[in-house]
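Line order of the protein sequences matches chains A and B. With our numbering applied, the first sequence covers -19 to 215. With our numbering applied, the second sequence covers -19 to 215.
A hint or two may mislead.
Cut-off 20 Å, straight-line C-alpha distance, at most; resulting in silico cross-link-like pairs (SDA-like, lysine to any residue) [as the list claims (entries may be wrong)]: (1) A:K(-7) with A:E49; (2) A:K66 with B:A35; (3) B:K191 with A:K(-7); (4) B:K191 with A:V92; (5) B:K66 with A:A35; (6) A:K191 with B:A35.
Here are a few chain B residues that sit away from chain A, every Cβ distance over 10 Å (derived from the structure) [stated by the list, open to error]: (7) E15; (8) G30; (9) I106; (10) T107; (11) E138; (12) E176; (13) D189.
Quick caveat, the hints were computed from the structure, so don't treat them as lab data. A quick note: this is a predicted structure, and the numbers were derived from the prediction, not measured. Ideal Cβ positions, reconstructed from N, Cα and C, are used throughout, including at glycine.
There are 2 protein chains.
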Amino acid sequence: MTRKSADAAATAKAPPPSRRATIRQRRERAAYDRETVHAILDAGFLCHVGFVFQAQPIVIPTNYVRVGEELILHGALGSRMLRALKDGAPLCITVTHLDGLVLARSAFHHSVNYRSVVLFGAAREITGAAAKQAALAALVDHIVPGRSAGARPPNAAELRATRVLAVPIDEASAKLRQGPPVDDEVDIALPFWAGEIPLALAAGPPRPDPKLAPGIALPAHVAAYGRPAGGAARP
Amino acid sequence: MTRKSADAAATAKAPPPSRRATIRQRRERAAYDRETVHAILDAGFLCHVGFVFQAQPIVIPTNYVRVGEELILHGALGSRMLRALKDGAPLCITVTHLDGLVLARSAFHHSVNYRSVVLFGAAREITGAAAKQAALAALVDHIVPGRSAGARPPNAAELRATRVLAVPIDEASAKLRQGPPVDDEVDIALPFWAGEIPLALAAGPPRPDPKLAPGIALPAHVAAYGRPAGGAARP
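The shape of chain A in the complex, shown without the other chains (with noise of 0.2 Å):
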C-alpha cells in the first residue's frame, strides 16, 4: 500500500478530529477512529501528561484510566501540575506502548513497532466524595482488576487529599506501526539479517509485603494478574 492509499484508508474510517490532533509524519500510521484510540488507552496505565507552566513545557508521568469518553488523572492536592490543569489549562496526554524493534538492513530504515495515542485538550476536576471515590475505584480496577475490593477504601480525609481530573478524548490521534521492516527493495539481497524482536511489559511473580500477617493469602486478582500484549503480561 503507498503512503497515499494509507492515508486514505485511515481518513476513510474516521477523519482527523482537529488540525492540531491531525498527524502530518508518516500519515499512513494515523488513526482517529474511536475504536483504535480507546483500545490504545485501555491496553495501559502511563501516560505523558504535558503541560506549560511560565513559558516552559513540563513532562510527568502519572497513571490514568479511561472511564467512558474521558481519562481520569489524580494526585496529590498540592501537585503543581494538577493545580495548572484544574483550571483548564491546554495539555496534551500522550500514551505509548513499545511493541517490538524493527531491524531492518539499512540503519536508515530501523524502527520500533508501536501504539501511541496523543490527546488535546483540557481537564475538569471532579469534586464530590461519591464521583472522586467512583473515579478512583476505576482507576484501581483499570491497573489491577478487581483490586478495588481487596483494599480498604479511601476514607473522608484521603479523598479529601486527593485531586481527580476529567479529560475529554474528542481531539486524539493514533499512530501504529506493526510488522516487519521495510526496505529498499535494493537492499533486500545485502546479508544482514532482518527482522523483529517483540517486546512487552511482562509481570513477574507478586512479592508479599515483608509486613504481611501470617495467614492472609494470595488473592485471585493478584495471582491472576496479567494483561493482553501491549500492556503488561506474565512472561
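Given chain A, work out where chain B should sit, using these hints.
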C-alpha cells in the same frame, strides 16, 4: 526515614540544578546526582519530548541515546517537533521506567514503583555527515548493542534526510520509588493482601523478516538481545 531526612539525603548527594528542576511533590523520591540520572537514562531508549507549539503543549514519543553529557534525538527533516526544537525552543524530555505495581492495604496508598528522569533544556542541531553518522550509530547500538556493524550504514542521501539533535543533560531531576507498600500503621492488621507485582519490559523470540534470504543466520547481537531490569529483558 522521614520525608525531611530523606530530602536531606537526596540533596546532600547533589543539589537540584535549578529552581524549575526541583521536585516538590514526594521529595523523598528525588535525586539529582549524575550517576542516578545517567543510569535511568541508559536503562531505556524511549522518551517523551514536550515542546510548545502555538501555546499548545505537545508530547511526542521518540527514541534517544545518551552520549556523554547529551541526549541524541533524530527524525525526518520534515518533523514538526525537530523543526521546532532545532532553533532552541524550550523542551522537556521525560524518561520513565515502570518497575512494579504497589498494592497496599488501603486504596489510598496504592502506588507504582518507577524510575524517571525529567530534563529541561534546549537542543542544538548536529550537522555534518560524520557527526550525524556517529550519533545515529550510537543510537542504533544503544537500542541493540552491536547492531550498527550488522546493517548497511546510512548513505549520503539518508543522512541528509535525517535531522539529528543533541540536548545537554545539565538540568535534570530523577524520581524513584522502590520497595513494598507503605501503609498507615493502623491499617497493617487489615485482612488484605499487600505487596508488589514487578513489571519489566521483556523481549520475546526474534521474528525473521519474511523476506529474509535463506542462509542468513541469527546474528549474536540479536540472539543475545536483552537488557537489565527496567530496560527490555528476556522473560
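Here is what the structure says about each hint:
As the CA atoms of A:K(-7) and A:E49 are separated by approximately 19 Å, the hinted pair is consistent with the 20 Å bound. A hinted pair counts as satisfied when its Cα atoms are at most 20 Å apart, and A:K66 with B:A35 qualifies at roughly 17 Å. Under the criterion of a C-alpha separation no larger than 20 Å, the hint pairing B:K191 with A:K(-7) is inconsistent with the structure, at around 30 Å. Simply put, B:K191 and A:V92 have alpha-carbon atoms about 18 Å apart, close enough for the 20 Å limit, and the pair holds.
Between the alpha carbons of B:K66 and A:A35 the distance comes to roughly 18 Å, so the proposed pair stays at or under 20 Å and holds. With a C-alpha separation of about 49 Å, the suggested pair A:K191 and B:A35 falls outside the 20 Å cut-off, and the hint is violated. Once the 10 Å rule is applied to beta carbons, B:E15 is consistent with being away from chain A; the minimum gap is 21 Å. A Cβ of chain A approaches the Cβ of B:G30 within 10 Å, the least distance being about 4 Å, so the stated non-interface status is violated.
For B:I106, the shortest C-beta to C-beta distance to chain A comes to about 16 Å, beyond the 10 Å cut-off, and the non-interface label holds. With a closest Cβ-Cβ approach of about 18 Å to chain A, B:T107 is found to remain outside the 10 Å limit, as its non-interface label requires. Non-interface status of B:E138 relative to chain A is broken: a Cβ of that chain comes within 10 Å, the nearest being about 4 Å off. Listed as outside the interface, B:E176 is inconsistent with that label: its C-beta sits roughly 5 Å from the nearest C-beta of chain A, within the 10 Å cut-off.
For B:D189, the condition that its CB be more than 10 Å from all CB atoms of chain A is violated, with the nearest at approximately 4 Å.
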